[in-house]
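K.L.:
Heads up: the protein sequence lines correspond to chains A and B, in order.
For the first sequence, our numbering begins at 1 and goes up steadily by one.
For the second sequence, our numbering begins at 1 and goes up steadily by one.
Hints listed in this document are in silico derivations from the structure and should not be mistaken for laboratory results.
Mixed in with the good hints, there may be bad ones.
What the hints assert, rightly or not - Here are the simulated BS3-like cross-link-like pairs (lysine-lysine), alpha carbons at most 25 Å apart as the crow flies:
id: 1; chain 1: B; residue 1: K115; chain 2: B; residue 2: K240
id: 2; chain 1: A; residue 1: K181; chain 2: B; residue 2: K135
id: 3; chain 1: B; residue 1: K289; chain 2: A; residue 2: K164
id: 4; chain 1: B; residue 1: K79; chain 2: B; residue 2: K63
id: 5; chain 1: B; residue 1: K80; chain 2: B; residue 2: K289
id: 6; chain 1: B; residue 1: K63; chain 2: B; residue 2: K76
id: 7; chain 1: B; residue 1: K255; chain 2: B; residue 2: K115
id: 8; chain 1: B; residue 1: K240; chain 2: A; residue 2: K191
id: 9; chain 1: B; residue 1: K175; chain 2: B; residue 2: K115
id: 10; chain 1: A; residue 1: K144; chain 2: B; residue 2: K169
id: 11; chain 1: B; residue 1: K135; chain 2: B; residue 2: K169
id: 12; chain 1: B; residue 1: K169; chain 2: B; residue 2: K79
id: 13; chain 1: B; residue 1: K115; chain 2: A; residue 2: K184
id: 14; chain 1: B; residue 1: K175; chain 2: B; residue 2: K295
id: 15; chain 1: B; residue 1: K115; chain 2: A; residue 2: K191
id: 16; chain 1: A; residue 1: K184; chain 2: B; residue 2: K295
id: 17; chain 1: B; residue 1: K255; chain 2: A; residue 2: K164
id: 18; chain 1: B; residue 1: K71; chain 2: B; residue 2: K59
id: 19; chain 1: A; residue 1: K100; chain 2: A; residue 2: K191
id: 20; chain 1: A; residue 1: K89; chain 2: A; residue 2: K100
id: 21; chain 1: B; residue 1: K169; chain 2: B; residue 2: K289
id: 22; chain 1: B; residue 1: K295; chain 2: B; residue 2: K169
id: 23; chain 1: A; residue 1: K164; chain 2: B; residue 2: K135
id: 24; chain 1: B; residue 1: K180; chain 2: B; residue 2: K59
id: 25; chain 1: B; residue 1: K135; chain 2: A; residue 2: K144
id: 26; chain 1: B; residue 1: K79; chain 2: B; residue 2: K115
id: 27; chain 1: B; residue 1: K169; chain 2: B; residue 2: K180
id: 28; chain 1: B; residue 1: K115; chain 2: B; residue 2: K76
id: 29; chain 1: A; residue 1: K89; chain 2: A; residue 2: K79
id: 30; chain 1: B; residue 1: K175; chain 2: B; residue 2: K63
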Amino acid sequence: MVVVSRGVGLGRHARTATTVLALLLASSALRAQTPAPAPTAQTGGGKEAPGEVDPKQIQVPPPPFTEGIFPCTQCHDGKTVKLNTTRRKLVDMHDDIVLKHGPENRWCLDCHSAEHRDQLHLVDGTLIDFSRSFVLCGQCHGDKYRDWKVGVHGKRTGHWNGEKQYLLCVNCHNPHSPHFKPLKPLPPPTKPSDIEAYQGGKP
Amino acid sequence: MSDHTREPEPTPACEEPQCGSRRTFIQAAGMAAVAAALTGCKNLSTEEFLQHNFRELSKDELKEIIARLEKEYAAKFGKKVTVSNTPPLPGVVFGYALDLSRCIGCRRCVYACVKENNQSRDPQIQWIRVLQMDKEEGVNVLHADPYYNPPEVPQEGHFYMPVQCHQCKNPPCVKVCPVKATWQEPDGITVVDYNWCIGCRYCMAACPYGARRFNWGEPHLPVEDLNPVTEYLGNRPRSKGVVEKCTFCIQRTRKGLYPACVEACPTGTRKFGNLLDPGSEIRYVIENKRVFLFKEDLNTQPKFFYFYGV
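This is chain A alone, in the form it adopts within the complex:
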């Protein structure tokens, strides 16, 4: 059994983790009672019980950085740009970012590490690479994190019975304004009255 939330220090999150663990234990106990199903074909993805997927083994695409922005230490090297931890409205750089995520008083350094600019940090200070940002998101969105790990939240592509490709949270949700953006729908179906099927359709 893999501990679901690693390095989360807050009591609320610890409680969530315990609940999830308890649920997992309960569900695996239930599963143990049910008779073994007929031998299945390759169950590559199915060998682990739900929730036991090790986040370290999840292969994710690279984070969708704005071109040329990473590594952050290009500018944030402590010399070119001096460290300033005062909460403020950004003007010269990154002013295109509209932060629309959670409470009003949230700002950059809640997630971005001030000392290690090429990394993110959790609430307890644990450093996290950008490629593992789902751990950071999972601190608050524990239910989504749980569902994502078992492939129910978000999209999986590849093989239903084998190798799968995941997406990071940030591949679909802009972390600075995470609400999924509306799309233009593809054209509606032709109404039956408009279908030209007589004499074999249009030539």
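Keeping the supplied structure of chain A fixed, place chain B upon it in accordance with the hints.
P.N.:
Positioned in the frame of chain A, the structure of chain B alone reads:
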């Protein structure tokens, strides 16, 4: 069609080896004449007219038919088309789950399906229909609009419910087919033998989900849109006068791939897997989420589940 009794008949005892072959020759020649007279159709070859139901074909016959089809498709499209006959995987029953709380009605699935499954572009045939529903009404088909076309989706006050073949465990469409041209495979997929279908459309009348489509006209499929990797019981090009339907992308899923609609969905609404595998996503959804079956009261027992992921 009385001459289409498929029970293997004992060959009449005949001492001379030539006797049998002459009789066979005369029979075949007679049948061919009858076929030519009956069909009166330039597009239907004698071999196709005399072809048996898929499930009664021997391995050799099937091999011949597939070779003939590949040749016909290559001639029609000027491109190599493979027709395979992938058997169902043992210990697999496919299931599908669709998250109603996530679908935004963008119709990406509809067009990915058309591209993958070689549907006719004109007259237009689509296997997935996305219904725009009123949130106030809930799942009420009387308030469903499949022709919505706003500049952006989702629209305020609406939710979206894509409908396609539910791959019922108790399929009414199979029950009504007078010629047994449609049946349920061991992995739970209901398929159509396009060469055996007589186009009576009883199955379309029987399907409570409106999931079957009829080729009213000669299907037009531009060569550049053709998917050349096809399956006999799946996405091979169809002809006028036959019924077709979603097969959970049989040509992909029997090889372990996700269906095209699952891969196309930008919101991760669509989930697919093996219902017999307790570790699959589909089982997780059924065991942990609020799941409902569409028109459950009809006892069709769909293997297509709607759920609320939030």
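K.L.:
Regarding the pair K100(A) and K191(A), is the alpha-carbon distance no greater than 25 Å?
P.N.:
Violated. K100(A) to K191(A) sits at ~41 Å, over the 25 Å cutoff.
K.L.:
Would the hint linking K289(B) and K164(A) be met if the CA-CA limit is 25 Å?
P.N.:
holds, 22 Å
K.L.:
Is the hinted pair K175(B) and K63(B) satisfied, with a Cα-Cα distance of at most 25 Å?
P.N.:
With Cα atoms ~29 Å apart, K175(B) and K63(B) exceed 25 Å; violated.
K.L.:
Would you mind confirming whether the straight-line C-alpha gap from K175(B) to K115(B) stays at or under 25 Å?
P.N.:
violated, 30 Å
K.L.:
Would the pair K79(B) and K115(B) pass a check requiring their Cα atoms to be no farther apart than 25 Å?
P.N.:
Status holds; Cα separation ~16 Å.
K.L.:
Run the distance test for K144(A) versus K169(B): straight-line Cα separation, threshold 25 Å.
P.N.:
It is violated: about 32 Å lies between the C-alpha atoms, which goes past 25 Å.
K.L.:
Given the proposed pairing of K240(B) with K191(A), does the C-alpha separation stay at or below 25 Å?
P.N.:
holds, 19 Å
K.L.:
Could you grab the alpha-carbon distance between K169(B) and K180(B) and see if it respects the 25 Å cut-off?
P.N.:
holds, 16 Å
K.L.:
Sort out whether K289(B) lies within 25 Å of K169(B), counting only the CA atoms.
P.N.:
Holds, at about 21 Å.
K.L.:
Has the given pair, K115(B) with K76(B), been kept, meaning a C-alpha gap of at most 25 Å?
P.N.:
holds, 18 Å
K.L.:
Within a Cα-Cα threshold of 25 Å, do K169(B) and K79(B) meet the stated pairing?
P.N.:
At roughly 37 Å apart (the allowed maximum being 25 Å), K79(B) and K169(B) break the hint.
K.L.:
Compare the distance between the alpha carbons of K115(B) and K184(A) with 25 Å, and conclude whether the hinted pair is satisfied.
P.N.:
holds, 19 Å
Consistency note: the structure conflicts with the earlier hints numbered 5, 9, 10, 11, 12, 16, 19, 23 and 30.
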